[in-house]
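Peer 1: One letter stands for each residue in the lines below.
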Amino acid sequence: MVNFILGLIVCLILIIAFMLFRVQTIVSIVKGHPRVGFSNKVNAALMLILPIAGVIAAGWYSGIAAKYYLPEAVSIHGKQTDFLFWVAIYIIVAMFLVTNAALFYFAYKYQYKEGRKVTFFYDNAQLEMVWTAVPAIILTVLVLWGNKVWWNMMSIPEDQKKQALQIEIMGKQFGWYTRYPGKDNKLGRYDFRLIDEVNEFGLDFEDKASEDDFMPKELHIPVGKPVVLNVRARDVLHSVFAPHFRLKMDAVPGMRTQFFFIPTKTTAQMRAELGKPDFNYEIACTEVCGKGHFAMKYIIVVEEEKEFKKWYAEQKPFLENNPEYRGKGMKSLLKKNLADSEKNKKQKELAEL
Amino acid sequence: MATHIHNESASIDALHHEHTQEHAHEHEHHHEESFIRKYIFSEDHKIISKQFLITGLFWAFLGGLMSVIFRLQLGFPEMKLEFLRPLLGTWINETGKLDPNFYLALVTMHGTIMVFFVLTAGLSGTFSNFLIPLQIGARDMASGFLNMLSYWFFFASSVVMFISLFVETGPAAGGWVVYPPLSALPQAMPGSGLGMTLWLVSMSLFIVSTLLGGINYITTVINLRTQGMSFARLPLTIWAFFVTAVLGLLSFPVLFAAALLLIFDRSLGTSFYLSEIYIGGEALPNMGGSPILYQHLFWFLGHPEVYIVLLPALGITSEIIATNARKPIFGYKAMVGSILGIGFLSFIVWAHHMFTSGMDPFLGSVFMFLTLIIAVPSAVKAFNYITTLWRGNIIFTPAMLFSVGLVSLFISGGVTGIILGNNALDIQLHDTYFVVAHFHLVMGSASFFGMVAGIYHWFPKMFGRMMDEKLGYIHFWLTFIGVYLVFFPMHYMGIAGFPRRYYSFTGFDAFKSFVDLNAFMSVAAIIAFSAQLIFAFNFFYSMFRGRRAPQNPWGSNTLEWTAPINPGHGNWIGDIPKVYRWAYDYSKPNADKDGFTDFIPQNIPLYQTPHSNLPHEQELAKIQEAEDREMKKLVG
Ligand code: HEM
Ligand SMILES: [Cu+2]
Ligand SMILES: [Cu+2]
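Which chain is which? The protein sequence lines are A and B, in order.
Our numbering numbers the first residue of the first sequence as 842 and each following residue consecutively.
Our numbering numbers the first residue of the second sequence as 272 and each following residue consecutively.
Just so you know, the hints here were simulated from the structure itself, not pulled from any lab data.
As the structure is a computational prediction, the values presented were derived from the model and not from experiment.
Please note that a few of the clues may not be correct.
What the hints assert, rightly or not - Which chain A residues face chain B? A few, computed with CB under 7 angstroms, are given here: (1) 927; (2) 929; (3) 933; (4) 939; (5) 961; (6) 980; (7) 991; (8) 1066.
Stated by the list, open to error - Pulled a few chain A residues facing chain B out of the computed Cβ check, cut under 7 angstroms: (9) 877; (10) 943; (11) 976; (12) 1077; (13) 1090; (14) 1094; (15) 1098; (16) 1131; (17) 1135; (18) 1138.
For each residue, glycine too, the CB sits at the ideal point set by N, CA and C.
Whole structure, please, built from the sequences with the hints as guidance.
Peer 2: Right, dumping it as structure tokens:
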């Protein structure tokens, strides 16, 4: 009933609006149509008022929302990109304000006036030069700076590469899995054909390096130490995104990718600073991967080296929990497959006979 | 039409047009076209253009409606959406909420529809078709038949895509970029089943349509310009359509290749994009393929595509701003130069969509340099628009309002490109709402504004009637405010790291903030969408009941306004007008002494305007006069 009445009211309002519109049209047809009417002034005024109101509102909101923007960067490269980011933001906000201000101010100022003398101004090489050169110079500076930061991030010094902690992170529908190299600091071989419900990574235990690999529930890393994430995916594309670390790298089936970083603040420190005892660094997925894409959460725990070492030593290798996998690997799998297919062939031949 | 007649006596090029025109008469006299030939399987570029327009508007409505539905989910995650059950059926699950798979399907369809069906076919298809012959002075497209096919391929593509909305497993759902392996494996998500097959079929048809259209536009612009319409005198609209068609012709085939390989991977067991996959409890046999290959192929189209969408809008804006500021467009040469520059550069920046795909850091470096170069011609265009307004005498028609709005959106969305193009910064921002804000402002909204501006401006030429201006003003202000309120706040969320294509943000500590902002944006989206209903009413009402249009309602210089108010097939009744000057002689000093007001159309010879000619035009005036005298003698 309420719906019905509401619907009726809406219909009535629409009908009235339509009638008003009809009347206005007919009146305007009868009265004749001036080329430029009063509405021009209204539109011109709005061209001035609304952008100013908008900028004030945006400025105000930027202030109160500041605490929700970029979370503090907790990686070394993150601090560099953040600095560049804020400088770039100031530059583009300036560009945005200056050009929009000119646009709307001119729109307002040069609104139609009977008998206004229009300047027949259609070309000026100097002006064109200036506004080609100015953006070009600004962009050059940003590019060179950005390039430097990029290479700082992407080229890992040899010594750091060697001592870096190698961790594997694997995406699958829908979750993240991590693997540590164990005592030998060497990640063992894997093959997707070895994957099953228990051996999620498809580890190849014919490789000695696999034997001490372990897979924890959370990603632990020591503060201040270089870490290399070796990223892979099992089924479709995913992307590792750890916002606090300014870290993002796609996880691609069939291709290993890497991200190198050095964390700078422990989870405990961050909790204390924020006054949030349950704070955690998180990993999210940023490449659409299906139904559960929005829920691929994983926790990163950054801790002091001592704690980290202790934790590391406590972790049990996969093989210890699943001893039946010992020695199983690609060679035995291929052998088995071969034998199976031989057997199948034989059976088929027999059946045909 | 002009091409398939051949007359031996047409020895002088100039006479060519006379003959086409005779032929046009014949046409009118001899066979009255049947309704079907005239309105459905028409070869008249004007009818075809309207077909593109109406189909595009239909899709725009649908695409917009989808965005309202998923904005409800994002803004009000707790809301019960039972009331949508009659529309969406089982996509609303038992708890009265949108199914997450269907959320992705909606996002995907919204993107595909908006980018391809609305802003490519609806925008470029409509205005390239409508304006190219009318503005260059041609009786029709080079091939009316191909042109007709172009529309019907688009129609077929639309039908297939529309059907895909109703299949049991839902339409494609892997994002509008449909990256494999997700899109290649039906077991990965329901949308990758039949829905994805239909997506590929539909897009293949769409590509054929675009190519047929593009070839026609290019040929027409090169071959069928009327006498005197040199490239240097082309209105900027035509330059934009021309370059757009070239971009399409060079890039869409690559998308076709990408789609074809995807079809092979899906149904023939090949491994172009697939390797080492374990899914649904089994290891797939595919080895050696690369999902990255698809991304390269896709973005080789994808980036030019963003300009295919934007350039026509910019061309339309140039025309409208000059006309309504009553002032020549500033820096015509620079405008043409930047269109060409953007066109060229748009082919060598594609990998900036892949900075985090794991490609070689050196490539990342190269693509950052190239990407940021493209910002320069974009900036030049913005400055030229602004300077065109300076010391003009601006009439705010609805078209003009939307054009000014476009420039603002183009700037606001363009500046964030500078940040995204910087690979070091893109690491954090890639695939977050920052990117969503960027491209919705610079491409989505700006191009949509261009399309709407074009409709308001050329409606009188299309339908012989005027749209209501007051409704136009209301439509503009609601849309303009709405668009900024929806997309500007997305920057904040993007900076905070909110990933795109998320059904819900509540699972993460990091993305718990901005709940109110999300609700606010959803309300703004609903208002902006509702404002489009005003436009729809105005459009259809004015088509039948609007005020009758005068021949040249905006006081424009371009040739379409010299044609009859309701031009028939063949456009001009008598001779095709000859062109003597560029399209931007607005408010030329001393024009009043020549008997003109604040505009001198392109078909007015320079020798008729001795007082207002610029010094370098005086010489040209003499030449034109001599030529015309010569011609008269020949004909007489
Ligand atoms: C000022 C010049 C511009 C620069 C430097 C620039 C840069 C970029 C970059 C680097 C990205 C990738 C961001 C990411 O995914 O992480 C991007 C995305 C995008 N840009 Fe631009 N852009 C510019 C102008 C434009 C224009 C004019 C358009 C449209 C006409 C446009 C449309 C898009 C679209 C659609 C996307 C997102 C595609 C997607 O991932 O779905 N951009 N832009
Ligand atoms: Cu995902
Ligand atoms: Cu791009």
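Peer 1: Which hints, by number, does the structure contradict?
Peer 2: 1, 4 and 8
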